Amino acid sequence: MPEFRPGVELSRLFYREAVRPLLGDRPHLAARIGPGSDVLGFDTPRSTDHDWGPRVDLFLEDPGDLAEELRHTLPKRFRGWSTHFAPPGARVRSMADTDGPVDHYVAVTGLSAWLRSRIGAGEDWLALPWQRLAEITGGAVFHDPDGELAAIRKRLSWYPDEVWRYVLGCQWARIGQEEAFVGRTAELGDDLGSRMVTARLARNLTRLLLLQQRRWPPYQKWLSAAISGDPAAAHLAEALSTGDSERRQAALCTVYEEAARRQNALGLCPPLDAVRRPYFDRGYPVIGADRFAAALLDGRTAIGTIDQHCDSNDVLDNPEICAAVSRSAHSPRP
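According to full-length UniProt numbering, the residues represented by the sequence shown are 1 to 334, in order.
In case anyone wonders, no lab produced these hints; they're calculated from the structure.
Since this is a predicted model, take the numbers as computed values, not measurements.
The beta carbon of each residue, even a glycine, is placed where N, CA and C say it ideally should be.
Each hint should be verified, as a subset may be incorrect.
Claimed, not checked - Ranges between beta-carbon positions, derived for each pair:
1. Ala-113 x Asp-190: 29 to 37 Å
2. Ala-113 x Val-315: 19 to 27 Å
3. Thr-44 x Arg-215: 17 to 25 Å
4. Phe-280 x Thr-109: 54 to 62 Å
5. Ala-324 x Trp-222: 23 to 31 Å
6. Ala-324 x Asp-49: 34 to 42 Å
7. Gly-193 x Leu-272: 26 to 34 Å
8. Gly-80 x Arg-247: 46 to 54 Å
9. Ala-113 x Pro-332: 28 to 36 Å
10. Ser-94 x Phe-280: 49 to 57 Å
11. Met-196 x Thr-44: 28 to 36 Å
12. Leu-240 x Glu-61: 43 to 51 Å
13. His-330 x Arg-5: 16 to 24 Å
Could you put the whole structure together from the sequences, leaning on the hints where they help?
Following this line, the structure appears as structure tokens:
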């Protein structure tokens with residue numbers, strides 16, 4: 001196997017040295033964006049077993065027969081990696097040897113059509129999955145002479161402030177709905193239940209920390225990796241690993257307090273006390289996440305984005321269904 005290098009770096013070289021010379025004077029945009037661990041910067045040598053390799057996304061309004069032309073003109077290998085992916089046309093493909101034309105991974109499409117396939121025809125912020133937004137704004141752009149792709153990526157790089165406030169409020173609300181359950185389940189002697197609630201809270205806290213940093217939370221496989229460098233991650237690991245329920249609650253509270261301090265620093269709502277407190281007369285330590293939710297939501301119902309009220313991959317992978325579910329969730333009730 002050739003020496004591993006990050007996929008986006010390999011794609012940049014592949015475009016410059018192998019693909020660009022074959023395009024002539026065709027107007028085009030080139031990038032490596034969309035699905036893939038390499039786009040998010042999480043690829044490793046394990047990633048090379050499928051959908052990884054010399055890849056480029058080419059955007060042309062009139063591609064003609066370019067994809068077929070490249071089958072016959074691209075080199076069969078680039079920097080030691082095969083440019084042929086098998087089986088042809090499959091949902092998942094891997095690099096393979098070939099004696100004939102290459103079934104390459106140079107995606108050739110119109111930019112508008114590609115964008116519709118990723119997020120649909122509209123740009124309703126609440127219907128756009130975080131993973132899709134991360135895929136569009138991640139990776140790298142290799143050729144964009146008029147800045148068209150850069151403008152789209154900038155527009156989708158983060159929420160308008162009012163939407164951001166609402167989404168943060170909804171995330172705090174999710175935490176507030178369950179933060180006392182860690183202690184309550186432990187009190188019942190239900191250690192497994194306490195751990196399960198902790199896992200849900202850890203997921204919601206991780207998403208909150210990323211949202212506070214203006215970063216799109218990736219889907220579950222990469223969620224922990226996305227905050228691996230955050231000091232709060234060690235406390236989440238402690239909460240998930242300890243067998244002592246008091247240490248579990250204390251570790252979570254340390255993350256609650258850090259998230260609360262960061263929330264105050266953002267200035268999106270009046271500052272609130274960022275210190276743990278007992279849950280009414282039951283005494284379980286919590287942050288009182290509902291306080292932050294109320295301050296950010298201004299009386300709005302905490303329904304949130306498609307990621308905050310839907311957990312189905314089959315929904316999140318379909319822009320039309322996302323839009324329909326979001327419209328229904330936010331429609332006024334009689």
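Hint check:
1. One distance hint, 29 to 37 Å for the beta-carbon pair Ala-113 and Asp-190, is violated here, with the actual separation near 51 Å.
2. Between Ala-113 and Val-315 the Cβ separation comes to about 22 Å, which falls inside the hinted range of 19 to 27 Å.
3. Checked against the given bound of 17 to 25 Å, the beta carbons of Thr-44 and Arg-215, roughly 20 Å apart, stay inside it.
4. Under the hint 54 to 62 Å, the C-beta atoms of Phe-280 and Thr-109, about 56 Å apart, fit the expected range.
5. Hint check: Ala-324 to Trp-222, Cβ distance near 27 Å, so the stated range 23 to 31 Å holds.
6. At roughly 35 Å, the beta-carbon separation of Ala-324 and Asp-49 lies within the given 34 to 42 Å, and the hint holds.
7. Between Gly-193 and Leu-272 the C-beta distance comes to about 29 Å, which sits within the given range of 26 to 34 Å.
8. Look at Gly-80 against Arg-247: about 49 Å separates their beta carbons, and that is inside 46 to 54 Å.
9. At about 34 Å, the beta-carbon gap between Ala-113 and Pro-332 stays in the expected band of 28 to 36 Å.
10. In this structure the hint that Ser-94 and Phe-280 lie 49 to 57 Å apart at CB holds, the actual value being about 56 Å.
11. Between Met-196 and Thr-44 the CB atoms are about 29 Å apart, so this pair conforms to the stated range of 28 to 36 Å.
12. With their beta carbons about 49 Å apart, Leu-240 and Glu-61 fall inside the hinted range of 43 to 51 Å.
13. At about 44 Å, the CB distance of His-330 to Arg-5 disagrees with the hint of 16 to 24 Å.
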